[in-house]
Amino acid sequence: MSILANKDTYVVIQGGVAGVNAARRMAEFCYLIKRSLNVLAFVYPPDAGKTHEIPYGSGLVAVPIYKTVGEATKNHPQINTSLVYIGADRAMKGGMEALDDSHIKVVSMITEGVPEKDAKILGRHATKLGKVFNGPSSIGIVSAGSCRLGVIGGAFDNLVLSKLYREGSFGVITKSGGLSNEIIWICSQFADGITTAIGIGGDTYPGTDYVSYLDMFENDLQTKAVVIVGEMGGDLEERAAEWYGAKKRRVKLLAVVSGFCQESLPKGMKFGHAGAKEGLKGEGSARSKSDALKKSGAVVPATFGALGPAIKEAYQEMLKSGQVKEPVEPAMLPKLPKTIEEAMKADEVMVAPLIRTTISDDRGDEPCYDGYPASELINKGYQIPHVVGLLWDKRLISQQEAEIIKRIMMLSADHGPCVSGALGTIIAACAGIGMSQSVAAGLIMIGPRFGGAVTDAGRFFKYAVDNKMTVDDFLAYMKKNHGPVPGIGHRVKSLRNPDKRVKELVGYVKSLNIKTPCLDFALEVEKITSVKKDNLILNVDGTMAAVLVDIGFPVDSLNGFFILSRTIGLIGHWVDQKRQDSRLIRLFDYLVNYAAPKRREVPPLK
Amino acid sequence: MAKVLEGPGMGLMKKWGITVPHYVVVTSVDELTKLGQVNEWLKKSKLVVKAHEALGSRFKLGLVKVGLDLKEAEAATKEMIGRQVGSITVSQVIVSEMVPHKEEYYCAVKSTREGTDILVANCGGIEVESNWDRVKRLAVDVGQQPTGEALERLAKDAGFTGPLAKKMAEFAGKMFTCFDSEDAQYLEVNPVVLREQEGELIALDAVTLLDGDAKFRHPDWNFAFAAEFGRAYSKHETEVMAVDSKIKGSVKFIEIPGGDTAMLPAGGGASVYYSDAVVARGGKLANYAEYSGDPPDWAVEVLTDKVCSLPGIKNIIVGGAIANFTDVKKTFGGIINGFRKAKLEGKLKDVKIWVRRGGPREKEGLDAMRALKDEGFDINVFDRNTPLTDIVDKALLK
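As you go down the protein sequences, you meet chains U and G in turn.
Position 247 of the first sequence, counting from 1, maps to 274 under our numbering, and the rest follow consecutively.
Position 18 of the second sequence, counting from 1, maps to 1506 under our numbering, and the rest follow consecutively.
In case anyone wonders, no lab produced these hints; they're calculated from the structure.
Each residue gets a CB set at the ideal place from its N, CA and C atoms; glycine is no exception.
Heads up, some of the hints might be wrong.
What the hints assert, rightly or not - The calculated DSS-like cross-link candidates involving lysine-lysine, where the alpha carbons are at most 27 angstroms apart (straight line), are:
{"hint": "1", "chain 1": "U", "residue 1": "Lys120", "chain 2": "G", "residue 2": "Lys1734"}
{"hint": "2", "chain 1": "G", "residue 1": "Lys1736", "chain 2": "U", "residue 2": "Lys94"}
{"hint": "3", "chain 1": "U", "residue 1": "Lys362", "chain 2": "G", "residue 2": "Lys1851"}
{"hint": "4", "chain 1": "G", "residue 1": "Lys1861", "chain 2": "U", "residue 2": "Lys372"}
{"hint": "5", "chain 1": "U", "residue 1": "Lys155", "chain 2": "G", "residue 2": "Lys1598"}
{"hint": "6", "chain 1": "U", "residue 1": "Lys372", "chain 2": "G", "residue 2": "Lys1817"}
{"hint": "7", "chain 1": "U", "residue 1": "Lys372", "chain 2": "G", "residue 2": "Lys1818"}
{"hint": "8", "chain 1": "U", "residue 1": "Lys34", "chain 2": "U", "residue 2": "Lys362"}
{"hint": "9", "chain 1": "G", "residue 1": "Lys1829", "chain 2": "G", "residue 2": "Lys1818"}
{"hint": "10", "chain 1": "U", "residue 1": "Lys347", "chain 2": "U", "residue 2": "Lys362"}
Unchecked claim - From chain U, some residues computed to sit far from chain G (all C-beta separations above 12 angstroms):
{"hint": "11", "residue": "Lys144"}
{"hint": "12", "residue": "Glu245"}
{"hint": "13", "residue": "Asp262"}
{"hint": "14", "residue": "Val278"}
{"hint": "15", "residue": "Pro412"}
{"hint": "16", "residue": "Gly479"}
{"hint": "17", "residue": "Pro544"}
{"hint": "18", "residue": "Pro581"}
{"hint": "19", "residue": "Asn620"}
Stated by the list, open to error - Just so you have them, the derived chain G footprint on chain U, three or more residues with Cβ under 8 angstroms:
{"hint": "20", "region": "173-187"}
{"hint": "21", "region": "279-292"}
{"hint": "22", "region": "329-336"}
{"hint": "23", "region": "549-559"}
Start from the sequences and build out the full structure, keeping to the hints where you can.
What follows is the structure in structure tokens.
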């Protein structure tokens, strides 16, 4: 048996992220003792209507989130307990909401820093309703083998080490969360473990005191002894002593009290717990508490360290008198499944990778491009074109090549609002669409007729040069197999109205005295085609393509240079429209040739 | 609990209708001189000048001067401001009017488990200490208000008669309202005096302890809280408090000059047992410290830095129970960084470090601590199988 929390405890957790963490801990315990998850609902208004997925063993349990405690208990009438883990400023309201729900009998509050006045009101309200309010600042309640409420008990390994999977004979009540775990551990090592352990919280006025729980333990026949871990401040320990001394009790009481150091420390000093404080007149000192407990007949070891042996002695007596029997440990306990990461670390599992990369690695403190740390590239004077070279062609390009790429990017960054790409982006921007979608709308236009001829131009010029074709052979080959030559021809530019960008790029590359077989071939092609028709000139796509092939970039990467450069312009157009707060645009009907049939009657449906 | 100095404390009382003497808090003589030009009472009344700092025994230190005129008050202010007392420099004084009176009374309101106690006595000043049986109590239940009749009965019970009983009842009622509305934990006025001319009760001196946890609903608490143990917080203490207020979980640090055993334990509960163990073994604590609630590693590093900076320490106790959810590896990571930094700065010479801990990722955390041995630290590491405070025995019993 146990008190407060048992096999029939079903819980609603009031709280967000912190509440989910508590639920995970509770699920680990449920898994250990082979019981289904005892958290049935969350209450957290911002996420109402959604669910939290709580790991249970190797699976996940979906737990619904509600707006109010009332909704949660209406949908899950088995709920009889609430765990509150919300902000201190909302704790009072949340606690009251839970106490006022007729389904809920026990409310345990983990929240720390709750104003004293609020805690007192909550405690009083619970008493009036005949319910239990445990906390604030309570780590929780755990009943071995049946229920964990809150985060008490620690990590999964500790649950096992402390034998929380089966009942023992010792009840535990502590103000301190950390020490509750310590005592549970001690009870499992020096004796047969615990029945129920309760953290009542270290605040000045916890909602429930030792006495209310001592009464419950007294009535729980499985519990043979109770261990109290107290501290200076308040009078809860004195009241426990009073209770124990008042008449013959079935349970044996063991207690330690901290705070003797106060005698040699500055008066009024603040310890970690709000309640750990002597009164202005020295009341509530460790000594007075310890004396009161001793007088009542409780076993009061001089130090915390002596508690283990004292528990052992009490347990040995119980064994001798036949009050308890040595526990039988289960042969097998469930193991908490490891995550993939943990299992890999322990060399227990091999995973077939889903993808393979050969260009970059983000696993260190900074990304490496083709093995080179980004910061080192920066510090050694490398520029954006070098990063392009590393990520697109896995090589550190030369300064000269970088300069060419930089110029290509600068020349093709934008070409005004009228071209397909920019227009696409602008229309989207005016329709109120976000940046990434609007820029994508512009990028979608890049294809065989707009900006997307670089790759194909490069491929065919390279084919011709690799196969040592003459211009005539090449043109015949293209005509026969592919159609117009990509990279040749312009909508508005011509021999008489040349494209300055092409002139600029060709001039620069030629001035470098490098071998440019593709560019030379492309210019030869232009000489022939432009005679046939004066707008069949080498356009900017074709020029870029020829130059990039000449400096060694793979054909498949070539369109990337246009896409990358033009993205700069498209982003500019989106920002520009956004800043002007442009209105939605639509075509004027006079810009449309309505060639559809005239209005006519719809025939009856057959 | 958070102590509030007299100035802001009297401000809160005034807010709830309690009459307080005229007072000003100034940081310089100039300020007082200027205020003297526009406030009649500063020119007319006899004045009291007190250092407005969290200092005990101000009388003995000469930091309270009474019966002054404005000129003398200016001289006293000049003398007090800038005075160094221990680690504290007096930066403010409170100048208030002396209220001539014949009799002194006492009124206090305090929090109890059952609700609130209102205390009244018809003696005051130091007299009340030796006549505690004359203090009468009215217990008000949680969430309740005292009735006018109950308050009057309290006053009469305490020996007030006639119209004064009614006045005292009203005064106590206002004290309760102030206490209840301001999330106070303790309010004490000693003495309450009767101003002869107007016949009204005045709060001459105020002790105000507020509930720091309720600060979120009191936007007008624009004052700093003062240390409660008769001295101001030190620089390092204030720095740790600043970290504490920013983080999830908590870090706490109080210096105790003259000690040689430094404390760096985890947990509000365990930390006190560790301190007890040091005292029980005849050690001298150099500080109190505690971290809990899975604080970030950098916060624990700051705390470690302060602990390592304590002068004259011989041992550092890095104790802790078996944590529920505080990540041992992460928090130990903060401590280890702090130790390394301290060592580089030449601290930790001849300092022995003692570690005991359990909890999530205890093995990794303890292994990392053990590895410090290879870096030349004098460190002894124990796991959950060593009882909680045994490291203190090992450190101090040689």
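Hints and how they fare:
no., hint, verdict
1, Lys120/U - Lys1734/G, "holds, 24 angstroms"
2, Lys1736/G - Lys94/U, "holds, 25 angstroms"
3, Lys362/U - Lys1851/G, "holds, 18 angstroms"
4, Lys1861/G - Lys372/U, "holds, 25 angstroms"
5, Lys155/U - Lys1598/G, "holds, 23 angstroms"
6, Lys372/U - Lys1817/G, "holds, 16 angstroms"
7, Lys372/U - Lys1818/G, "holds, 18 angstroms"
8, Lys34/U - Lys362/U, "holds, 21 angstroms"
9, Lys1829/G - Lys1818/G, "holds, 17 angstroms"
10, Lys347/U - Lys362/U, "violated, 34 angstroms"
11, Lys144, "violated, 6 angstroms"
12, Glu245, "holds, 22 angstroms"
13, Asp262, "violated, 8 angstroms"
14, Val278, "holds, 22 angstroms"
15, Pro412, "holds, 39 angstroms"
16, Gly479, "holds, 50 angstroms"
17, Pro544, "holds, 60 angstroms"
18, Pro581, "holds, 46 angstroms"
19, Asn620, "holds, 67 angstroms"
20, 173-187, "holds (count 6)"
21, 279-292, "holds (count 8)"
22, 329-336, "holds (count 5)"
23, 549-559, "violated (count 0)"
Of the numbered hints listed earlier, those contradicted by the structure are 10, 11, 13, 23.
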